[in-house]
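Undergrad: Sequence order for the protein chains is A and B. Take the first sequence: its position 137, counting from 1, is numbered 137 in this note's numbering, and each next residue is one higher. Heads up, this note's numbering is the position in the second sequence plus 446, with the first residue counted as 1.
It is possible that part of the hints are untrue.
Which bits of chain B does chain A cover? Going by a derived footprint, with three or more residues having C-beta under 8 Å, they are [said to hold, decoys possible]: (1) 452–459; (2) 482–488.
Among the chain A residues that face chain B by a calculated CB cut under 10 Å, a handful are [said to hold, decoys possible]: (3) Lys206; (4) Glu387; (5) Val388; (6) Thr389; (7) Asp391; (8) Met392; (9) Leu393; (10) Arg394; (11) Asp395; (12) Val397; (13) Gln404; (14) Thr422; (15) Leu423; (16) Val424; (17) Gln425; (18) Ser428.
One side only, chain A facing chain B, incomplete, derived with CB under 8 Å [stated by the list, open to error]: (19) Gly390; (20) Met400; (21) Glu401; (22) Pro426; (23) Gly427.
Just so you know, the hints here were simulated from the structure itself, not pulled from any lab data. Backbone N, C-alpha and C fix where the C-beta goes; we use that ideal spot for every residue, glycine too.
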Amino acid sequence: MIPHLWNDLEGTFFPESALDYMPEDRLREVQLQRLKAVTALAYDRVPLFRERMTAKGAKPADVRRLEDVRRLPFMVKNDLRDTYPYGLFAVPMSEVVRLHASSGTTGKPIVVGYTAQDMDVWKQAIMRSLYSAGFRRADVVQNMYGYGLFTGGLGLHGGLEGIGATVIPISGGNSERQIMVMKDFGVTAVCSTPSYFIHLIEVAQKMGLDFKRDLKVRRGVFGAEPWTDHMRQYIEAASGIKAYDIYGLSEIIGPGVGNECEYQDGPHIFEDHFLVEIVDPATLEPVPDGQEGELVITTLSKQAMPVIRYRTRDITAIDIRPCRCGRTIRRIRRISRRSDDMFIIRGVNVFPTQIETALLKTEASLPHYQIVLTRKSGLDQMEVRVEVTGDMLRDSVGEMEQLQKRFARSIEQITGLHTTVTLVQPGSIPRSAGKAKRLLDTRNEA
Amino acid sequence: MKIRQLSVFLENLPGSLSGLCRILAEAGVNLSTLMLSEAGEFGLLRIITPDVEKAKQMVEHAGYAATISEVVALQVPDRPGGLASVLAALESQGISVEYMYAFAMRTGGDAIMIFRFADMDRAVVVLQKAGIGVFTAVDLFKT
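With the rest of the complex left out, here is chain B:
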C-alpha cells in the first residue's frame, strides 16, 4: 500500500531545480507530482514517479544526492471537511503527519494527497480500518 518516493537534495541556487527537471525530462522520466521543501540555503525535492529507480539512477549519475522513502497516497473526498475527516481518523490513533502534499491528478470527484507519517505501517492499518482509500502504486499511476 505504500508508494516509493524519491527525495533529492538541492542547494538553493538559481538553476538547480531546472537543471534537475531537465535531466529527468531527457531521461523520459514522467513526474506525477512533486513538492519542494526548503530550509534556508538548501531544499528537498520530493518526487512521485512510476519509475522511481530509474529516476534515482539518473539524478545520482548527474551528481545529485538522492534517497528513496515511503509515503502513502490517500483518497480525500472533495468536499468541505474532506481532509479533516481523514486526519481525524489518524489523530484518534495518535499518528502524526510529517508532511503532505497534493497529487496532481484526481480520481472521480475526489482529490489524492501524498502523506508521510511518523509511523507508516500503523498509519496504513488505521487508514484501511477507517475506510479511507489508500492507493497502491498500480492504481495510483493508472489514474
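Chain A extracted, bound-state conformation:
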C-alpha cells in the first residue's frame, strides 16, 4: 500500500504519512464526504456563509460532486476582518482550545480558532510536512519561527514534538545567539523564514564560521513568505543544507497545508484536509489544471472555523504530473509571488521576486535590497537600493559603477523597466526578523 517512505534513517514506519499515498479515487471520495460535511456545518453555524449561500440561491445539498464546490461563495481576508474577532467561528467558545492572530499591519488583526480536534489535524499535517522533508526523531531542530500569536512557531512546535524530534523553541531574533545555539547544541535541522535564514548565513560568516564545516545543520523547512528557486539555490550553496518549502497560511490553519518531498519540486498539498482550486483572479472562473492562477482553498476537516473557498492571493498552478516520490496527493507549483505584492509602475506589473531574480543573476548571492517607488512631476520612478557587502566591494570606483550598471541592466531585462540602482551601506535598509520589507511605495503620499 505504501510504495516507500524515502530516506528513512531509522527504518521506522510513519503511519500518518500513509495518507500521502492514498489511492486517488479513495482520496476524492474522502474529499467529497468532508466537503459535504463542512458545507453543512458552515451553513448551520456561520451567518455570513449562510447569507452568501442564500444570495446565490445555493443550499448545502447542492454539493453532490467535488466540482460542485464551484457553486459555493468565495471568502476573502476582509471577511475575517469584518467579523473580527469570532464572527466566523462555528463552535461555542467552550470548544475552542487555541486562538492565533495575524500581526494586523494593515488594520485590525484577523483571529483564527481551533478545537481540540483541529489541533490534532494541524499537528498531523505538520508531522507529515516534516516527515516529507526528511525530519526524523533523531533530529535536533531549531525552530526560529516566532512563538506567540503567529501560527508559525507554535504550529511547527507541535508537529516537531509529534515526530519525536528534539525541539529548541528559540523563536526569531538575536541572530548571534541563534548561531551560537546552532553550533553548541549540535542542531541538525531548522525551521525559519527564508529571508531570516539568509540573514543568519551572513551573520555566521561575520562571526568567522563556515556553515558547512562548523555547523551540523543538514535540512530546513522554509515558509511564511514567497521565495524563489534562486533563493533556494543560494541557501543550499551557501549553507550546505537541503531547503524545503513548507506552505500554509493562518486563515486556513497555519503552516502545514502542504510541503515539499525529497524531490523539492513544489509542495504536496495534504488534500484529505485541504481542497485546492485555481481560479483566474480577474474573472474568478476555474482555470484548467496545470495553468496558473490564484489558489483557492477550502478546509475539509476544520471545526472551529471552517473556511470555504478562501482566496489566498497566492499565484500558482496545480501540478498534475505524478511525483517520483509516489505520493498521490497533488503538488502546487512553488509560490514565488502573491497578487498582493504585485505593484504596477508605468502600466507594467512587477513582482518583487522578479527584482530578486535580477539581482541574483548579477551577483550570485542575494544582497539586501529595497524597491522604492516615487512620483516625480506625475511620472512614476523606480529605484532599487542595494546594500553593498564585503564580497561585492572592489577597490575601484569604476568597478563599483559597473556593478551598479549591471544590476540596472539585469532588472531592465527581466521587467522591461528602466530603474535607478543605488548602492547603500550594509544595514541601511530596514529589516525585521520575520518577513522582509521589500517595497516602499511613496507615490500617493503628499
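Position chain B against the provided structure of chain A, taking the given hints into account.
TA: This is chain B only, laid out in the frame that chain A set:
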C-alpha cells in the same frame, strides 16, 4: 614590497565619514593616511594604517563593507620633475596608474606617495630596476 590598504564603502551622506573615523579612533587604530574618492552618491575611503586587519574587523563589525587591496608606497624626490621621473619609468614599460595619493609623512627631503597600478607585480619590478625607492610596510610605518 606591497602595502596592504583598507577600502571602505561609504554612502555620500552627512556623518558617514565622521562616523567611520570615530569608530577607528575608539578602537585605537592609527591612520597613517587616507583618501576619499567619490562617485555621485557613494564613495570609497582608502586607508593606510599599520593595523589593517584590526581596522577591517572594526569597520565590518560596525556594519561597513570593507575590502583589503594592495598598493605600493614610493619615495618621490621633492623637487620639480620628481613625480614625472617616477612616472616616466613606469610609462616606458606600459604600466598605468589607477590612482595615487600622498602619504601624510615624509622621509628626509622626499615625499611618499601611494600608488595603485593595473599590474602591481610588474610595477614593483620596474620600479626597483629604475632605482626608485619602494617602501616595505616595516619601513613605511617607521617613518
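Undergrad: Each hint should be assessed against the structure and marked as holding or not.
TA: Hint by hint, here is what the structure shows:
1. 452–459: holds (count 4)
2. 482–488: holds (count 5)
3. Lys206: 7 Å, holds
4. Glu387: 8 Å, holds
5. Val388: 4 Å, holds
6. Thr389: 6 Å, holds
7. Asp391: Since the shortest Cβ distance to chain B is 9 Å, the answer is holds.
8. Met392: 7 Å, holds
9. Leu393: At 4 Å from the nearest chain B Cβ, Leu393 (chain A) passes the 10 Å test, so the hint holds.
10. Arg394: 7 Å, holds
11. Asp395: With Cβ-Cβ at 4 Å, under 10 Å, it holds.
12. Val397: 5 Å, holds
13. Gln404: Since chain B brings a Cβ to about 9 Å from Gln404 (chain A), closer than 10 Å, the hint holds.
14. Thr422: It holds, given that the least Cβ distance between Thr422 (chain A) and chain B is near 6 Å, below 10 Å.
15. Leu423: With Cβ-Cβ at 5 Å, under 10 Å, it holds.
16. Val424: 6 Å, holds
17. Gln425: 5 Å, holds
18. Ser428: This hint holds: Ser428 (chain A) lies near chain B, its Cβ roughly 7 Å from the closest one there, short of 10 Å.
19. Gly390: OK, holds: Gly390 (chain A) within 8 Å of chain B, min 5 Å.
20. Met400: Given a least distance of 7 Å, the restraint on Met400 (chain A) holds.
21. Glu401: Hint holds; Glu401 (chain A) Cβ to chain B Cβ min 6 Å, cut 8 Å.
22. Pro426: 5 Å, holds
23. Gly427: Holds, because the Cβ-Cβ distance from Gly427 (chain A) to chain B comes to roughly 4 Å (cut-off 8 Å).
Of the numbered hints given earlier, the model fails none.
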